[in-house]
Every structure is written in structure tokens, then in C-alpha cells.
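Undergrad: Sequence:
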Amino acid sequence: MPFPIPDHLPRQLDVSSNILSKFDSATLQSLNSSFASSCRAELDESIRSTKTKIHDRICADSSSFQRQLASARSLKERMDILSGHVQALSVTLSHSKSGLVPVLLEALEAHQLLAQESLNADVLSDSLSHLLECRTQLDALQKLVDAGDLPQAVAACQALSSLLISVHGPLKDASVVSEMQTRLRVLGNRVEELLSDAYTRSVVVNASEVIIKPFVLVPRSPKPLPLSSVLSSISPASLASHLSTLRRDILTYYIECSFDQPTSLTVSTRKDTSGALMHVLGRFPSSPNTTDTGSPLANVSIALDFLHKQLFPALPSTHQHSFPRSLSKPISTAVLSRLLIPGLPSQLEALPAFLQIVNKAVELEDKYIVGMLDASSEREIKSWVNNICAHYERQRRSHILDSARKLIIQNVSSESTFYAQLPISQEIPDQAGPAPSDEGDAWGLDDDGQSLNAGSLNSAPEENVWGFDDDLQEGAETQQADPVEVVEENPGDAWGWNDEEPAPEELAQAEDTWDDPWGEEPALSEVTPAVRTEPVPSQRPSANSAPTTQRVSRPADGTSHPAPKSGPITEPYVVSTLAKLIIQTVEDALHEGQKLSSSGIFPTSSTSTITPGTLIMQSGALVLDLHRAVYPTVAAARLVRPGDVMKFSNNCCWLAEEVGRLVTKEQGVLVVKDKLEECKNVLQVLADSWYQDGIDRQRTALGDILASAKGFTDTSDQDRYDDCEMAISRVVREIRSAANAWKLVLPKSKYYTAVGAIVEVSLERILENILAIPDIPEVESHKLSELCRILAALEGLFVEDFSESSFVVSYVPSWLKFSYLSELLEASMADLTYLFQEGALVDFKVDELAKLVRALFADTPLRTKTLDKIMGGHPVR
1 MPFPIPDHLP
11 RQLDVSSNIL
21 SKFDSATLQS
31 LNSSFASSCR
41 AELDESIRST
51 KTKIHDRICA
61 DSSSFQRQLA
71 SARSLKERMD
81 ILSGHVQALS
91 VTLSHSKSGL
101 VPVLLEALEA
111 HQLLAQESLN
121 ADVLSDSLSH
131 LLECRTQLDA
141 LQKLVDAGDL
151 PQAVAACQAL
161 SSLLISVHGP
171 LKDASVVSEM
181 QTRLRVLGNR
191 VEELLSDAYT
201 RSVVVNASEV
211 IIKPFVLVPR
221 SPKPLPLSSV
231 LSSISPASLA
241 SHLSTLRRDI
251 LTYYIECSFD
261 QPTSLTVSTR
271 KDTSGALMHV
281 LGRFPSSPNT
291 TDTGSPLANV
301 SIALDFLHKQ
311 LFPALPSTHQ
321 HSFPRSLSKP
331 ISTAVLSRLL
341 IPGLPSQLEA
351 LPAFLQIVNK
361 AVELEDKYIV
371 GMLDASSERE
381 IKSWVNNICA
391 HYERQRRSHI
401 LDSARKLIIQ
411 NVSSESTFYA
421 QLPISQEIPD
431 QAGPAPSDEG
441 DAWGLDDDGQ
451 SLNAGSLNSA
461 PEENVWGFDD
471 DLQEGAETQQ
481 ADPVEVVEEN
491 PGDAWGWNDE
501 EPAPEELAQA
511 EDTWDDPWGE
521 EPALSEVTPA
531 VRTEPVPSQR
541 PSANSAPTTQ
551 RVSRPADGTS
561 HPAPKSGPIT
571 EPYVVSTLAK
581 LIIQTVEDAL
591 HEGQKLSSSG
601 IFPTSSTSTI
611 TPGTLIMQSG
621 ALVLDLHRAV
631 YPTVAAARLV
641 RPGDVMKFSN
651 NCCWLAEEVG
661 RLVTKEQGVL
671 VVKDKLEECK
681 NVLQVLADSW
691 YQDGIDRQRT
701 ALGDILASAK
711 GFTDTSDQDR
721 YDDCEMAISR
731 VVREIRSAAN
741 AWKLVLPKSK
751 YYTAVGAIVE
761 VSLERILENI
771 LAIPDIPEVE
781 SHKLSELCRI
791 LAALEGLFVE
801 DFSESSFVVS
811 YVPSWLKFSY
821 LSELLEASMA
831 DLTYLFQEGA
841 LVDFKVDELA
851 KLVRALFADT
861 PLRTKTLDKI
871 MGGHPVR
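This note's numbering puts the first residue of the sequence shown at 1, with every later residue one more than the last.
For the record, the hints were derived by calculation from the structure and aren't laboratory data.
A couple of the hints might just be wrong.
FRET-style restraints, in silico, Cβ to Cβ [claimed, not checked]:
hint	residue 1	residue 2	range
1	317	249	21 to 27 Å
2	782	861	38 to 44 Å
3	850	707	24 to 30 Å
4	186	270	33 to 39 Å
5	58	25	33 to 39 Å
6	133	90	56 to 62 Å
7	74	25	46 to 52 Å
8	779	640	26 to 32 Å
9	640	383	48 to 54 Å
10	326	285	25 to 31 Å
Computed cross-link-like contacts, DSSO-like style, restricted to lysine-lysine with a CA-CA straight-line distance of at most 30 Å [stated by the list, open to error]:
hint	residue 1	residue 2
11	845	817
12	580	406
13	595	580
14	675	580
15	869	845
16	869	817
17	710	595
18	675	406
19	51	22
20	865	817
21	367	329
22	309	271
23	367	382
24	595	360
25	223	309
Note that the Cβ used here is the ideal one computed from N, Cα and C, for glycine as well.
With the hints as extra help, turn the sequences into a complete structure.
TA: Here it is as C-alpha cells:
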């Protein structure tokens, strides 16, 4: 077939494939001679058929067949001719003797040999010429070194080094070049050593003198070398090292040392033993008693003049400006850190002399640091001097605050105190007076909120039953009386009680470990009890069932109190001496700032935004802030005691009053008035916060104690009753202990309010627990009543005069309610009904009374009737 059949067209199986398929499918039985004969016949027939088809095809197109046959024969002939020509050409090119390629290669090899020989000759010639030049330079260098001409030797070293670096490739690894490099290194080191030695002999710096020789004699040199040549010839690394050492020594021995100790500098010129001229800057210690504080600046000027004249001109051009510039910053820093800043005075009187030194420092900076060393200097001294007033005030402020901090820490454990007076500017009636004759007043319904406000310093004035107004000075219109140290006296005396009167005999017999520090705690029988209302004879309870407290405002004998006084009434309270020292520090700071502002000693600066004295006056407020921050931390161990907590509250209160006095009466504090007002407010808030915190701590402690009673349930069991009794007794002891501690330090109004607050929280807790009991048997009711009566001992804390009744109800709102509870626990249904109808139980909510009736009495028609009456609400009168 002239063309292969494409793969996508179906193929016709050839004859051999058909026959092989038949053989493959034949079995052993069918594979016999007949089968083989048939297959052979089929093959023969296929061959004949193929031949016939070929013949027929040729005969069908005989002309084309003949044409193609002739073309094939012609191609064969031409192919034979071409093969003969190619074989002849191959012999012409590749013949080993006469061929063109072997002859050409032989000629090229000969030419290469000649070119290599020529190149070797040229390289050898150049190398020898370079080596000759290096040898000549090496010999010249050796002669210069031997002759002591070190500057020229340095130039020769550099030239020879360049030649040895630029050697051609063949010479790089030559031993002669290595030997020359070794000799060059030895000679270079020798030259460097000689130059360094020449420098060390021409520039000598030690603690006693600076010697600079303009010329120095080098060994084997016929003439001395100039210092400038020596410095120019030293290698850059070695010169940088020498100049760094020189700068360090000059700054250490002649700049910084001039500020650290009395020193005198002198400049002289003389000759050494060899006759060489040398310039000397000598340093000598001065007398320790020298008072000239400007001498260090003069020494700096002398040293810089000496260097400018003898050393700076000899420096090479690369260091002509950089070395003086490197001295400017350390000198400025030394003047500031060693002279001006440490010498800043702490007293205003010393400022004029110091300002003279400051002016000299500014002149030194202008003339030397800027004019000689570095024209681009930042002028640090001038910048500092422009703000010298602020620097002085910041130093004073730091000193004031540091002194205040030490004062606070040193007085933490001090017990020294004095009595201050708490001013009361409004009129209030006496809270502790006897009850009025009018029955309606006994309920307190007509009182216009006359209970004392503990946290307010501006509460209404009350009658002077404490006896302090008798010895007030006529100048009492000021907010505070002059304090008097009474550290070792009995603090109770300050309350104005007449301690010289003998105590009643029955009171002396009733004293125990709970007796308060006033020494006038009355026995319970001495407190005048009264009931809210006058009971009706027919149905009222027995006298023994009446509550033990009466709200009174008038003596029992019916006499009236004097009319309330108006005017500046005060109450004494204890303040730590530390508070006085703190306020004295604040006053001193304000006075110092005012004095500085009025002195005009500091010139007005265009860059300053505050007036002189402002920062010092502001330090007064910072002292108060420091006290608020430091004292609670360093005195944390003391501030866990009730008395110390209230004393710190008193301190803050007194400080607030004093700051208000300073703001009002001190002249020239307008610039810090807002800050002082803020401090006053913060101190007042702090005083109230610590006062309330002291109360809250006691409330928490009492709550924890009462929690151990477990709700006062099951008191019929003796063990449970003992536990509850112990809890109540602990509450009484804790309240008395806190009251005794507070009575020593607090003013009267705050004292009663604080004690009333902790008594109130105890009563509320007990009331809540008892009223929450669902069922109270008779035995338990008697036990609970006994427990409640234990707290009646606290009424004695609210008695000022034995001839008058207590005013506990003014400070303990739940006192009457609690008193009636103790009676109700043992009362009959008739007694309870009578008290309810008379309005004696108005302090109880209707739900509370109903719950109490259900707990105390069995379910009977009488209880149901009573409950219906109670649920109808309190009677209206």
C-alpha cells in the first residue's frame, strides 16, 4: 500500500491473521491433516489472488507504472555518482600525509608554541622590571628609616605597599614578593613605633602637667621633627587612639577635676634637658578653704587657651575640626553637671552669687565652646540658664516633697496629738434634752429632722452641754482654735465633763471592764426610762413590760432648757501633730513662692510660660497629695485599729479646714487657688470616706459575730442559748470597745452618729433574724427576750448627764422597735393588742407584726381576730 491506513479507519484482517485465528480456535481433535491442507490451500489462494490484483493494477495503468520505474532507476544512478564524489573529497581532507586538515593542525601547533614563548618573555620582562622597582623603593625606604626621616619614610611605605599590591599574577605567589612584604611590614612597624614614641615625647599629659613640645628629636635624625609632621605621619588608627586618650586625660585631669576639687592652673615655657623648647600647663591643688566658686570656669578657660595655641594648630587637617568639636559636649556637660546643677542653691539669699557664676558660664560657652571648639554647638548651658528659674523651683519642689516624705515616715509611729475645734455654723436644738410635756412630741412627729448628721462638718450648732465654750478666745470667728498639745493628758477631759465631781456610789459599784474612758458610764438603773405614750390603766401591760428607753427633750422635773445658742459653736476632736507639720510645710512653700515672686531676682524669660514662684507654691498642694498617698501605705498596720482610722479621718478633715483658711486668707496664692481648692475637696472626701470606712469595718465585724448565732433559732437548747448569749455579749463588748476608741478622737456629733450606726446595724440584724423565725415556742420566746435585754446596756453610751434621759433614739432609729420586741416576746395577746391600738408599735410593719403573732401564738379565733385587726393597719391618731 503506498500510504499507511489512518488509525481511525477500520482495518481489514490479513490472511495470516485469519489462519492464525483458526489455529487458535482449533481443538486437539480438529487439528489434523485435513485442517492443515485446508489452511494451506487458503494461503495459496490468497497469494494467487494478490498476484492477480497486482498484475491487474499494473495493466490498468501501464504508462504510469513505466514512468515511475524509469524515475527510480535514474535516481539510483545519480546516487551512485554522488557517493563516489563524497568519498574522493573525504580522502582529500583527511589523508594523514597530504590531507588539508592534518597539515593545518600542524601549522597551528607551531604557531602556538611561538606565541607562548613570546608571552613568557614579556611576562618575565615585566616582572623583573616590577621587582626592580620594588627593590629600589625598598632600599630607599630602608635608607629613610636609617636616616630618621620618618615623614618621608611613611610616604615611601605607602608607595611600596601600592607596588606590592599591584604585582602581576605570576609574582603574587613568588617567595621574593613575600619576602619584600615581610620587610615592608617590619619597616612600617618600626616607623609607626618611632612616630608613636615621638608623639609620646612631644605630648605628655598626666595629673600634674600637660607638656607640648613643638619639635621632637628622633633617633638618627639630623634635625628635630615638627609636631605637626609627627601627627600627620601617624597612621589614622593610631592617631585616633592617641587623640582619644589625650581627650580623656584632658577632660579628667584639667576639666572635670577643676570642678571636683580646688585647683589652680598655670602656663609656662621652658626647655628640657636636651635644650628642646616645651610649653607646660601645670596643675596645683588650691587651699580647701577657697570660696571662689568661679575658679573652675577660669581653669577651663586657661586649659582651652593653652590647647588652642599649642595643640590645635599642629593637628592634621582630618582632625583640625573634629578633635575640638569632640571636647565641646563633655565640657558643656561638665559645667552643667558638676558646677551649675549641683551648685543650684536651696535658699533664696544665695541666688545672687550663684547668678554671677551662671553669667560667667554663659560667657565661657560663647567664647570657647561656640567660638573656639564648635560653632554649631546646641548651647546647652545657655538653654539651661534660660530656664534657671524653673530649675531652681523644681529643685526646691523636690526638696520640699522629699522632706515631707521623710516627715510622714518619721511620724507614723508618733502618738503626739493636739485638740482642734470643729466649727458648727448653724443652730440646732439640743438633741439630749428631756421630753416635752406634750404627748404628741414624745413620738418625735414634730421634730424637723433634728438628728445629727455625722459626716457633715457644717451641721447645725447645738447647745454647749459639753462645756467648751467657756474658755474660747474672743477670736473664735476663725475656723480653728489654736491647738494645744495634750499628749499625756486624759483625752476625756477635752469633752468638758466635770471630772472633779465625785461619781455616785452606785455607779462606782457598777463599773466593770466595759467602762468607757470618760469614767462616767451610768448603771442601767440610772438611765431614766419612759414609754412612748401614757398607758391607760385598764388594759395596759405591767410596768415591767414597758421599754427601757424614752425619746425625751426636756428634764423630768418639767423645767425647760435654755434657748439654743447661735454663733460659732465648736466641738473638739483629736488631730495628729503630723497634720500640723504638714500644713506648716504647705504654708512655708506658699510663703517661699510668694517671696521668690516678689524678689524679682530672676529676669523675665520670653520662653517661660509661668511666673517665678509658681512651681514652689504648687508644691504645697503636692505635699498634701503626697500625704494622702504615703500615709495610708506606711501606716497600714496602724489603720486597722478603730481609733487610728478615725484619727486619720480627723487629720484629713482638719487639713481640709486649714487649706480652706489658706485659700481665704493667704495673699498671692491665686495662681494655685484652684489646686488648693481641689486638695481641700479631696481631703474632705477622704475624711468622710475614712470615717465611713471605720464604721463599715465595725459593721462587718459585728455582722460576722452575729452570724455565729445562726439566726437565734433553737434557743430552748441550752448549748444553743449559750452560743447566742456569747454572740450578743461579744457584740456589746465590740461596740463598747469601738465607742471607747472613738470617744477619744471624734467630735461629739460624729461620735454619736458612728456609735449609733454600729448599734443600729446590730439591732437590725437581730430583729431580722428573730422576725424570720416561723415558730417561737414559749421557752424560746423567754430566752430570746433575755438575749434582747442584754443589748439594753448599750443605752448608757448615749447619756451625757445622769440627771437626763438618754437620747439613743436620735441616733439608733430601731432602738424603740427593738425594745418593744423584747417585751412582745413575753407579752400576752391582750398586751400586744393594747400596744397596737395605742400606736406604740408603729415602728413595726404590719407584715412583721402579723408574722410575729403567728410565730408566738397558737392558731385560735382570738389570734385570727388579732391578725385581722393588725392587717387592717396601724390606728390613725
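Undergrad: Confirm or reject each hint.
TA: Against the structure, the hints come out as follows:
Between residue 317 and residue 249 the Cβ separation comes to about 24 Å, which falls inside the hinted range of 21 to 27 Å. Taking 38 to 44 Å as the suggested C-beta distance range, the pair residue 782 and residue 861 does not conform, at roughly 25 Å. Between residue 850 and residue 707 the Cβ separation comes to about 27 Å, which falls inside the hinted range of 24 to 30 Å. Separation of residue 186 from residue 270 is about 38 Å and conforms to the stated range, judged on CB atoms against 33 to 39 Å.
Checking the proposed 33 to 39 Å range against residue 58 and residue 25 shows it holds: the Cβ atoms sit about 37 Å from each other. Checking the proposed 56 to 62 Å range against residue 133 and residue 90 shows it holds: the Cβ atoms sit about 58 Å from each other. The hint said 46 to 52 Å for the Cβ distance between residue 74 and residue 25, and at roughly 51 Å that hint holds. Against the hinted window of 26 to 32 Å, the Cβ-Cβ separation of residue 779 and residue 640 comes to about 41 Å, which falls outside the hint.
Between residue 640 and residue 383, the C-beta spacing of about 51 Å keeps the proposed range 48 to 54 Å intact. Range check, residue 326 to residue 285: about 28 Å between beta-carbon atoms, so the 25 to 31 Å window is met. The hinted pair formed by residue 845 and residue 817 meets the criterion: a straight-line CA distance of about 10 Å does not exceed 30 Å. Taking the CA atoms of residue 580 and residue 406, the gap is about 15 Å. The hint holds against a cut of 30 Å.
For the hint linking residue 595 to residue 580, the alpha-carbon distance of about 22 Å falls within 30 Å, and the restraint holds. A threshold of 30 Å between alpha carbons decides the hint, and for residue 675 with residue 580 the separation of about 20 Å falls inside it, so the pair holds. Between residue 869 and residue 845 the CA atoms are separated by roughly 13 Å; this keeps the pair inside 30 Å, and the hint holds. Distance restraint check for residue 869 and residue 817: the Cα-Cα separation of roughly 20 Å lies within the 30 Å cut-off, and the hinted pair is therefore satisfied.
Pair hint residue 710 plus residue 595 does not hold up; C-alpha atoms about 67 Å apart against a cutoff of 30 Å. A threshold of 30 Å between alpha carbons decides the hint, and for residue 675 with residue 406 the separation of about 23 Å falls inside it, so the pair holds. Among the hinted pairs, residue 51 with residue 22 is consistent with the structure: their alpha-carbon atoms are about 24 Å apart, no more than 30 Å. Between residue 865 and residue 817 the alpha-carbon distance is near 23 Å, which keeps this suggested pair within the 30 Å criterion.
Simply put, residue 367 and residue 329 have alpha-carbon atoms about 15 Å apart, close enough for the 30 Å limit, and the pair holds. A distance of roughly 18 Å separates the Cα atoms of residue 309 and residue 271; the hinted pair therefore holds under the 30 Å criterion. Between residue 367 and residue 382 the CA atoms are separated by roughly 12 Å; this keeps the pair inside 30 Å, and the hint holds. Distance check on the hinted pair: residue 595 and residue 360 sit about 26 Å apart at the alpha-carbon level, within 30 Å; holds.
As the CA atoms of residue 223 and residue 309 are separated by approximately 24 Å, the hinted pair is consistent with the 30 Å bound.
The structure is inconsistent with the numbered hints 2, 8, 17, although it conforms to all the rest.
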